[in-house]
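Okay, here's what each chain looks like letter by letter:
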Amino acid sequence: MSIESREAAAALNDISEIARRVRQSTIYILASLMLIMWGGLTFAGYLASYLWPRYAGYGWVAVYVAGIAGTIIISPLNQTRSGVRTFDLRMFTAFVLFVAFGIFASVWLGHFTPRQLGTFWPIYFMLVYVIVGLWVGRAFVAIGLSIIALTLIGYFFVGDAFDLWMAFVDGGGLILGGLWMRRN
Amino acid sequence: MAELDDIIHQPLRLKIMAALNALPAAAAGLEFSRLKKLTGATDGNLGAHIETLARAGYVAVDKAFVGKKPQTTVTATATGRGAFARHVATLQEIIAASAGQS
Numbered sequence: 001m002s003i004e005s006r007e008a009a010a011a012l013n014d015i016s017e018i019a020r021r022v023r024q025s026t027i028y029i030l031a032s033l034m035l036i037m038w039g040g041l042t043f044a045g046y047l048a049s050y051l052w053p054r055y056a057g058y059g060w061v062a063v064y065v066a067g068i069a070g071t072i073i074i075s076p077l078n079q080t081r082s083g084v085r086t087f088d089l090r091m092f093t094a095f096v097l098f099v100a101f102g103i104f105a106s107v108w109l110g111h112f113t114p115r116q117l118g119t120f121w122p123i124y125f126m127l128v129y130v131i132v133g134l135w136v137g138r139a140f141v142a143i144g145l146s147i148i149a150l151t152l153i154g155y156f157f158v159g160d161a162f163d164l165w166m167a168f169v170d171g172g173g174l175i176l177g178g179l180w181m182r183r184n
Numbered sequence: 001m002a003e004l005d006d007i008i009h010q011p012l013r014l015k016i017m018a019a020l021n022a023l024p025a026a027a028a029g030l031e032f033s034r035l036k037k038l039t040g041a042t043d044g045n046l047g048a049h050i051e052t053l054a055r056a057g058y059v060a061v062d063k064a065f066v067g068k069k070p071q072t073t074v075t076a077t078a079t080g081r082g083a084f085a086r087h088v089a090t091l092q093e094i095i096a097a098s099a100g101q102s
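Same order as they appear, the protein sequences are chains G and C.
Residue numbering for the first sequence follows this note's numbering, starting at 1 and increasing by one per position.
Residue numbering for the second sequence follows this note's numbering, starting at 1 and increasing by one per position.
Extracted from the complex, chain G is given alone in its bound form (with noise of 0.2 Å):
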């Protein structure tokens, strides 16, 4: 069989747009179990903090713990079917150290109120997605924008409910966000 050379490079760039879907469809099915677990953690969270503002600090703290614990099991499970390995010590240490700035600058130089604090950890998690999502694909950048602008809705117009109206916007926000990218 011979062919020429513009069908060769037509078949050539079918190979790679196939290869880049798939690329994206295998970030798109671990991210969409991601974002459903830590929406259901992080609407948990909220939850807790607006009946129990008081014991807040630690609800977030098992929060983290349940998350971090939950992409470890994660990984592997995804590892096994799609050969690609999603979490290990750089990204561990990569998330360490995106929390410890959010604290350090949160708490320590910030002094935040908690409803700036409840403000300010949806906006930066989500300031990563938008900027993955520059790279990665889109629905990554439409769910971080609208998160971010629901959330500055809450802080700025919502009341005393802010908590509840972040249970469902922000961890509401994930799972919806998590599941449209799994049917996607």
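Just so you know, the hints here were simulated from the structure itself, not pulled from any lab data.
Bear in mind that the values here come from a model prediction, so they are computed numbers and not experimental data.
C-beta: ideal position from N, C-alpha, C; glycine also.
Honestly, I wouldn't trust all of these hints.
To be verified - Pairwise CB distance ranges, derived in the manner of DEER restraints:
(1) C:A85 x G:Y55: 55 to 61 Å
(2) C:D62 x G:H111: 55 to 61 Å
(3) C:P24 x G:G159: 49 to 55 Å
(4) C:K37 x G:E4: 29 to 35 Å
(5) G:L109 x C:A28: 42 to 48 Å
(6) G:E17 x C:D43: 17 to 23 Å
(7) C:R55 x G:E4: 26 to 32 Å
(8) C:P24 x G:H111: 44 to 50 Å
(9) C:A28 x G:G159: 48 to 54 Å
(10) G:I68 x C:D62: 30 to 36 Å
(11) G:A161 x C:G47: 49 to 55 Å
(12) G:V96 x C:R86: 42 to 48 Å
(13) G:F156 x C:D43: 47 to 53 Å
(14) C:N45 x G:I73: 35 to 41 Å
Keeping the supplied structure of chain G fixed, place chain C upon it in accordance with the hints.
Relative to chain G, chain C alone:
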């Protein structure tokens, strides 16, 4: 110049092989439904072309039940990966030869 692989060169089979080869060799393959979305093919068409690739020994098809739902998973075999790599190399050679002539 090496010959193109007739089995792989058909457009849908090329997409199937490209999708399967985009995964690391250790991966568990792609489910039929995901392959369908990635290639934009219909059930019947996709099934027929997977069958052709399986007969050539380029892919392995695994049918299992996940809960009560049947799930078909398609994986590129070592033979298939080798054939695909040679096919891509031949495509690149054609382009390089054409560039050399002009």
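Here's how the hints hold up against the structure:
At roughly 58 Å, the beta carbons of A85 (chain C) and Y55 (chain G) sit within the given window of 55 to 61 Å. In this structure the hint that D62 (chain C) and H111 (chain G) lie 55 to 61 Å apart at CB holds, the actual value being about 58 Å. At about 51 Å, the CB distance of P24 (chain C) to G159 (chain G) agrees with the hint of 49 to 55 Å. Remark: the range hint 29 to 35 Å for K37 (chain C) to E4 (chain G) is upheld by a beta-carbon distance near 31 Å.
The hint said 42 to 48 Å for the Cβ distance between L109 (chain G) and A28 (chain C), and at roughly 46 Å that hint holds. About 22 Å separates the C-beta atoms of E17 (chain G) and D43 (chain C), a value consistent with the hinted range of 17 to 23 Å. One distance hint, 26 to 32 Å for the beta-carbon pair R55 (chain C) and E4 (chain G), holds here, with the actual separation near 29 Å. Separated by about 47 Å at the C-beta atoms, P24 (chain C) and H111 (chain G) satisfy the suggested range of 44 to 50 Å.
For the pair A28 (chain C) and G159 (chain G), the supplied restraint of 48 to 54 Å holds, since their beta-carbon distance comes to about 50 Å. Taken as a hint, the range 30 to 36 Å holds for the pair I68 (chain G) and D62 (chain C), whose Cβ atoms sit roughly 33 Å apart. For A161 (chain G) and G47 (chain C), the hinted distance range of 49 to 55 Å is satisfied, since their beta carbons lie about 53 Å from each other. Separated by about 45 Å at the C-beta atoms, V96 (chain G) and R86 (chain C) satisfy the suggested range of 42 to 48 Å.
Separation of F156 (chain G) from D43 (chain C) is about 50 Å and conforms to the stated range, judged on CB atoms against 47 to 53 Å. At about 38 Å, the CB distance of N45 (chain C) to I73 (chain G) agrees with the hint of 35 to 41 Å.
Checked against the numbered hints above, the structure violates none of them.
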